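Chains as they are written, first to last, in my numbering: chain W, 18 to 354; chain A, 89 to 489; chain D, 266 to 665.
So the derived list for chain W, only partly shown, Cβ under 10 angstroms to chain D, looks like this:
| hint | residue |
| --- | --- |
| 1 | F116 |
| 2 | H123 |
| 3 | N142 |
No farther apart than 16 angstroms at their CA atoms in a straight line, the calculated lysine to aspartate or glutamate pairs in the EDC-like style are these:
| hint | chain 1 | residue 1 | chain 2 | residue 2 |
| --- | --- | --- | --- | --- |
| 4 | W | K184 | W | D169 |
| 5 | A | K185 | D | E551 |
| 6 | D | K450 | A | E221 |
For the record, the hints were derived by calculation from the structure and aren't laboratory data.
These figures come from a predicted structure and were not determined experimentally.
Beta carbons: idealized from backbone N, C-alpha and C, even for Gly.
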Amino acid sequence: MHFNIADVPQQLVNGLTLGGMYALIALGYTLVYGILLMINFAHSEMFMMGAYFGLMWLKVLSKQSFFTSSGAGLIALYAVSILLAAIMTGTLGVLIERFAYRPLRHAPRLAPLISAIGVSLFLQNAILLWVSSRSIPFPIKFPVYQYTLARDPSGSLAFTVLGATEKLADKLGQGAHAIVQFSTLQIMIIVVTLVLLFVLDTFVSRTKLGKAMRATAQDRDTAGLMGVDINRIIAITFFIGPAMGAVAGIFSGMYYGNIKYNMGFIPGIKSFTAAVLGGIGNLRGAMLGGFVLGMAEALASGFISTAYKDVIAFVILILVLIFRPGGLLGESVVEKV
Amino acid sequence: MARSKRLLALVAALAALSLAVAGCGGKTETGGTGGEKEAVTVKIGVTAPFTGDVAALGLGIKNGATLAIDEANADPELKELGVKIEGMFVDDAADPKTAVNAATQLTSDPKVVGIVGHLNSGCSIPASAKYNEAGIVQISPASTNPKLTQQGFKNVFRVCTIDTVQGSFAGDFAVDKLGAKSVAVISDSTPYGDGLADEFAKQFQARGGKVVSRDKIQLKDQDFKALVTKIQGLKPDLIYFGGMYTEAGLISKQAKEAGLRVPLMGGDGLYTQQYIDIAGAANAEGDIATSVGLPLDQQPKGQEFKAAFEKKFPDANIEAYDTYAYDAAMVIIEAIKKVAKEMGADKLATPAGKQAIIDAVAKTDYDGVTGKVAFDEFGDTTNKAITAYIVKGGAFVPYEQ
Amino acid sequence: MGGSKVDIKTSVESARLTPKKIALYAAIAAFLIAAPVYFQAVGNVFMVRIFALVGIYVMLALGLNIVVGYAGLLDLGYVAFYGMGAYSGVLLGYAWQRIVGGADAPLAGLSYWVLLPLAALMAALTGIALGTPVLRLRGDYLAIVTLGFGEIVRIALQNDAFGLTNGAAGLPRVGESIVPAAGQKWVFMHLSTSTFTFSKDLFWYVIVVALCLLTIFVIRRLDNSRLGRAWVAMREDEVAAAATGVNIMTTKLWAFSLGAMWGGIAGITYAYWVGFISPESFNFMESVLIVCMVVLGGMGSIPGSVVGAVIIAGLPEIIRGLAQSTALSRFLTPEQASRIGDYRFLIFGGLLVVMMAFRPQGILPSTRRARELTAEDVIVEEENVDMWEVEHKHDLPHKL
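Construct all of the structure, not just a fragment, from the sequences and the given hints.
Here is the structure:
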């Protein structure tokens, strides 16, 4: 146990970034769950595949001088890679739904779980065997800065931007210490995540398709009778979830610098936990759950114990569920008789 | 009743399937074709994780052993003796249960006369009981947990050094060579990582150093930012990590990115180019890994090994344990040679032959790629030489000062 | 839906031994005895071990089937009970060694037999301790809580909780031992011949099979008991069940603790068989695979759980064993054989998908549950004619 109050702001930033990624992945779980009442265990592999597709496009597009000649080009390079990877992963998600899950739509509720685990094992091993068993570096072609809020040696607040090799002491003088730092990547992850969450939330709550999705989630059969094309809605769900997961996967690759065939496993469990924490089936709940879980992990790891951080995260989850059985934002379930 | 009919069919299918599998192991057939004299085939089992997280190291072990086996089969002396050596490669997935399965599969094959494996101590320990039962020699190229050879099994050896030796070397090194006064110790919750980190911390403290924090991480975790932030506040001179390259690389990268610019030090689990790839060359610069034996270039056989390796596996790097696997296989091959000479090639795969191989291995005195290989009464290598390597210009080079 | 009528019918039917059933049981029994003995005789201990290992998983799947199949509670942390059984078995074994006077004392070998019920009890108590606060959670909320519980147990074991578990290095420590169960030596000495060794693995295979039979017996009794009916009622409709006088909490707790008990039995058996345990053996993936066994076989079905366990625990190893068998060594280099072994999870993953696509209700679904399913999902599109009904069109007249 170690409590250093000065670490709190930085730990919150760490938690926020981690939580942003959890939130993006958790959306996929919660969307699918909301509509099909199914835990899509293969979703963690969508995160992983997204990262690999992203890397592939990054490598392909880097060969075009348009993308590497200017700053705007570089931004476009990453934006286009992410977009293409998200589309590919979304398509993969739709295909998986079509061939692995749709035949099971009227099977016992847990049956698709098995298919999902099958898909997950298959994809992981496909990457392991056919791409590489190793970590693959994920290139960052733009300079990464640390936006630092610090106290200078005299004790007053100062804001400075540090390059990759610059030291705070050189900039502000010996004795300066950082209060909180954001890296370019952290800012990018948090901002893009928030934008995506906002867009998705608007899509679901404001558009006609979103309305159809909500109707399907409420009662699939009745929605069908009302003229909603259920298969289309499910396909859309299976496109959006994996696409979001892919974005998170690419962010993870950029943030941690590496991707690996089994990179989805832990974020997958955590994000599923986050989705439940927020109230599974509830879109905003998944976002909130993601951020709460990320924060809890960072704080637990920083101030209590790294070894027990997951234990702490799960204990929080259990406590929340005991007192709010529907999760943070979930509605309390009215028993249908 | 369609149901019971179906069940019956299932049982029948299963029976047929397992009978097909039974075909393995059971019959002893004489292999080797084409020669004037029918050669006796014996097998060396090679088992390590070929899949999963640390597959890179496991496949390295496979490469090293393959090289040794190929070399042996080209050896006229063995041909003369009428022995052909075959590798049997079994994945243990770095999982204890699968490791015991692998061990049983290997011991079930009567032609297997020696084992090179496993990588993880957590696998080697339960599997060693199987090899002991079967009376087959096991030489681990990489399991460094002291317990392995302290179970009282006479057939268990290792060519790598134990955690106590490496950990205390690292503790001294940090004090004497690096001048570190305080250290943050992290390990990866595996027998190897925890054992090594504890030994290091013990020695470092005994030498007057201060351990400012002791943390354990979970394997496969990627996010160590919170841990790094915490350590940053403690201002250590050094981070010591007990574990493998994947997590170590990520910690080094995240520490340096956060502005915690102190070297990360670790054991043989870090001594691979992969570590530098994961951390990024700029971040890994100045990080230190200790590894058993002398550097490849300083070994008389090192260049030879390197050349042979590059010829056979042009696409692969030499990983941390390839040379140990090579030496482990070579030790077994030497023992096979000796026993074949004394008892005849056809006796090799008998219980007496296997016992003789164990005895021959115990008396090994062999100049390997990793240095002189000989075993003490526990089966640990007497080669206690440890070298520290530092990352310079994106590659590990022997530390000199 | 006339379910109760069918239930009586099926339970009566299942109790009646038709000649076909007798033939089936005889065939299974013959296979279970003959195959391992044959493998042992030809020296293929690997297959004997796989048989015993599959048996352990059969026990686990049957135990989890109580929770998931009968009571309808999705438990994703079942491995925690398995771990509890293993660790408490070994730790209590040390206490036993102290009581009888050391690992070499004549009574030391009884530790497994004495501790078997104790480990089962420990696991069952853990089940109650966990279940009491969380069982009121519904559906997948419960799933994630059990998942969390499983992880908590594993992490605690890994961090040497209370100084008992020796962390990642596992038990026993250097200088400690797990005493082989009494009988192991005896059968080795007395039942071995010059060409046939009654190996440790074969010995444990026998124990595991006996335990599996016991499990099946008990679960069959439970299935037809008041408790078993309460489980089904609760699974189908908690509110209605409660209204008819089923105490939901107690019923759930029974399911949870009985399921946990079999996890514990499997755990201590595994520990004494292998002689070494470490936290890595009790990870989340293991829990998931056990759930897979139950669902793949068919929820709530005893033969289903057995078949599921055989396929999921046995198949990857069999793929590997086949690839490296001498029968195929003519066609494959050792390198290729090993490569196929590495593909086993890829093949396995694909097979899971295909198998579920063809039999969504599981391979051998319980007649009772399958019947409920026909009424469960109201069908909208024309392609959604219930698969079970189509498949069993010809069976139905016999049963009604």
